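Colleague: Residue numbers (the numbering used here), protein chains in the order written: chain A, 1 to 169; chain B, 1 to 231; chain C, 1 to 719.
In case anyone wonders, no lab produced these hints; they're calculated from the structure. Just so you know, these numbers come straight off a predicted model, no measurement behind them. Glycine included, C-beta positions come from ideal geometry on N, C-alpha and C. Incorrect hints may have been included.
[As the list claims (entries may be wrong)] What the simulated footprint calls covered on chain B by chain C, stretch by stretch (three residues with Cβ under 8 Å from a Cβ of chain C suffice, anywhere in the stretch; the number is not a length):
1. 44–54
2. 179–189
[To be verified] Subject to a maximum C-alpha distance of 25 Å in a straight line, what follows is the list of computed PhoX-like cross-link-like pairs (lysine-lysine):
3. C:230 / B:201
4. C:362 / C:532
5. B:142 / A:147
6. C:44 / B:163
7. B:63 / C:232
8. C:230 / B:61
9. C:232 / B:61
10. C:472 / B:131
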Amino acid sequence: MKKIFVILATVTGFVAGVFAVNKIISNIDRAVQPINFSHAVHAGKFKIPCMACHQHVLTNARAGIPNIEVCSACHSSPLKGGPGEKLVYDYVTEHKQIPWYSIYYVPSYAYFSHRRHVGIGKLECTECHGDMASLASPPTKQFLQVKMSNCLNCHVKRHVTTDCSHCHR
Amino acid sequence: MPKYGMVIDLNKCTSCQACVTACKLENNVQIVPIEDAINGRAMFWMKMLTMEYDGDYPDIKPKALPRNCMQCDEPPCIKVCPVRATYKRDDGIVAQIYPQCIGCRYCMANCPYTVKVFNWHKTEQPQEIEKSYNPDVSVRPKGVVEKCTFCVHRLQIAQEKAKAEHRGLEPGDYVPACVEVCPVSAILFGDLDDPQSDVSKASRDYRAFGLLEELGTVPKVRYLNAIESEE
Amino acid sequence: MQINRRDFVKLLGGSLIGFTVGGVGEALLKIPNAVMPILYKGPKTESWKLTTCAKCPGACGLRIRLVDGLPVQAFGNPLSPINFGGVCPMGLTSVESLYNPDRLMSPMKKVNGKFQEISYTEAYGAIVSELRKNIRQGDEHKIAFIAQTESVFMANLIQMFMNGIGSRRLYMDNFVGNSRLPYQNLKMDHPDFIDFEHTDYLLNFGSQITEISESPLFFSRAINSLRERKGKLVTVAPKLTPSGFKTSRWMPVMPENFGDIALAIAYVIISDGTYDKSFVQNHFEDFDTFRELVIQNYTPSAVQARVGVDADQIISTAREFANASAPAAYFDEAILHSSNGLRNAYAIIALNALKGFAAFGKLSEAGLKGLKIDSNRDGGNTWNKNNLIGESDIDVLFIYRSNFIFNSPNAEDLRKAVSRIPLVVSFSPFIDETTELADLIIPDHDDLEKLDAYLSTTIGSPILSMQQPVVKSFYSTVHTGDVITSLIGDLNLQEGWKDRSYESYLKAAIKPIYDHGVGMLMSQKKPTGIEKSLQQAGWQLVPYSDFDDFWQQLLRYGGWWNPFPKVTGYTPEVLLKTDQLMSTKDKGSHPAAAQLRLNIFFRNFDYKGNLLRNPVLTEQFGMDRDIYYTTWVEVNPKTAEKLSIAHRSKVKIKTEKGGFEAIAIHSPTTMPGNIDIPFGLGHTADKRMLGINPVHYSDDVFDEHTGEPSYSETLVKIL
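Chain A on its own, in the form it takes in the complex:
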């Protein structure tokens, strides 16, 4: 009898360990961005539309994090901003790309196309990315986790294809 309980306890402990560490990992702060970019300032205060900086969202699969050319449209001269603004001005003048860390990452075996969803499907950016305009510092967690269950829930709800080979390649 004891043996069974010990085995059960081991298994329970194992499962508990997996879940606990999983929870911890998914909640730890992801890497710190090189510049404390504030969407609240850019998208909120100045009401810059998402597509002005994330320029490829209607035409490409990846929306793209803007490269330094996009930032230099406004930041090529020193503006009256915070400490982050000085940093971006330095990057612009040296024409160096800012080494942003990626929060959203779609693995290669799945095909997610922004053009399909935003351009053709006419989804709003906030549906998957949340209200970015309210964030004063860069996001550290995925708003809608990149998990197949999340994709499928929406597809089922909106009666879009759930055929495996349409997204897996």
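Once you have looked at the hints, place chains B and C on chain A.
Modeller: Okay, now just chains B and C, sitting in the frame of chain A:
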């Protein structure tokens, strides 16, 4: 709903093997270690079979036969897959879903054409291969089965492009890599259900045959017999 | 339930161990993803650029797919009238060559037997000072150049350089030039193309026409259309390679006997009287002596005894040839690869003359005026690389992309000869077997990074295919054309060449096309209907305002051609003298009776030994035989039975130069008495290559006139 099929004209094929290379490069197919290749585990989705024994020397009539997945209408492989990693789509393409595959290889055993290949190892690819991976296709992990998919990623992209331009999919929009690079246009591809398409007419040609038709797999890749000139 | 301490401890221990194992396992699996990769910033935007493949003489149009500005894949250019969108395996792996990690990244100098990186100025300076010294001392003749290029512009530039230096030691290995060597040696005009639209009978002497030839992809299509029109292809070759799979008749003949076959066919045509009498009367001066020679020595039964081909076959072929309205007997560079190759080519020219060169055409295009379309080996210059062995007074040797140590049987002698030379400069992008011997390397750009142009007439129209850089060069490589133009300028070898670059030279060389105003850019398929009339009347389908605009459009569309050229028939003066057809080599033994012979055949994966450096092609090399990374030999099943060689068994092959192991494959495409072995494996300079190089085990047999090696006259034993 189109039904995609292919007709390969053996009369035109010159055995240049461009289709073999194009398929390998388009689909990021692994280069296996040397010992594995020598033992018959080289991964080629499109293989060139050479049959040299028709006729007596020196009047031999060798034939080269490019063989990819037959994309059967009654695929033996899907019947045995325990997890539905391979299945037949509505448009006739037999899909292969890599994240779903558990690597049991029942499908490989059941396929009479031996078109399925298996990723036995995760080999480090040569640098130049890694740098020139096709971004449209995933790189398979260890332990999954793969096979020719009629370049279904190209269909994904073509359908999206057509939708973005508010039009339907036109015949020339979607061609697999092998069809595109054949120097003599020996491979025809398209909708078998469209009676006007080239491929549909060719598949009903008197010279058309399918490999191992007697097994009842109804292959959608058919061949046109070579025309042997009279001596 | 009562739990005593022991049980409690056990339970606790068990669950803690489970927790730790699960947690650690989960962490190990998940933490790498938790640390975010730095974003690959590119939005993966796709763009396309047109260029031309330089891996073989075909010059097929390529369309390179770039993702975020970096090349990813290569496809064919559907608007190029050479390949119509098709590509061969060599062209498809152009991008793999670009990213090859073995590519040299900067000029190198050999110090104490090892290569060290140096700067371009240092390397260039060393060359200039050495050349200046030679010129000052009057030793210009001690400078030699071995080049292999398919671009006539590059070939002409090198010729200009050597002419300016004043040395005749130039060996230009250019496929089209080599194919025309027999005509040049006879001082005859050469044909520009075979008119595949009108040919109905093609007698192919030994050319691997759809694999390695002047334009493999164009010929593949042309032969298919020939057969659709119920024309015939007859192959005279020692092996039925894929080029001959569709042949109506295969006459298995060793290359040194091609001339015999041609003259036997001529015998039948002459005795039947079905030759073109008016042509022969007006243009074939030495015909009477020729007829005497043929009638006395080349009856089909005599040739059957000498060569082993059925006399009936010869007679049928000859009658078909004579009855055809536009027959062509075809040969190309491959015919020179036997001990009496040149003489065989003469015999085939004579055979064509009997039917008035009906299927051949000449471009009387004034639009070619000013364009030097011929490459070299003219002017009676017969210096070839074998001369290196005998001549010990060479100071400087330049090597441009020729891997001659790899594709010559006398490699050891050549190696010793080259090692004797004080300064050997190589322009190869890789350290291959020949470049290993160099003292100085200035690596050329990769094919996708350089600017060049290819001019040809094989398709029946003049066509200029442009090669442009699709990406800025990755490393500190230098375009060899720029090096040579700088040398010409700095050494003052030609007037007004100071500060010229290869681009300016190319522009000047291509300007006559712009000036003449005919033809069209490759912007669309061949025009029909109204567009055709407009085109012929001189309207430009893609207008350009000045030469710079033309140049931009030329690069944008990948090339220029004239779809409606003025063509004339090819009716040369046949200046062949009958004594030139005398064979000084008596190789008249029936092949099956003699000892086993090693016959080297080619595949469309490697061209002259400087291509098989990419892993995709190496793996694919033997795929259709189910053999990987190993050398194999092909044996006729009857021969195999006689020698008790089982299919796919390991055999030991022994030649005079040594022995090697290979796998034996039974194949009816091999002549009995031959051991066929593929060319291309066995690169010793590349650590990733396997197999053996059959050329290095071949006997030192050369064509007495051209010095080209024979690839089919090695005696071999099989154990």
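Colleague: Hints numbered earlier in the text: which of these fail when held up against the supplied structure?
Modeller: none
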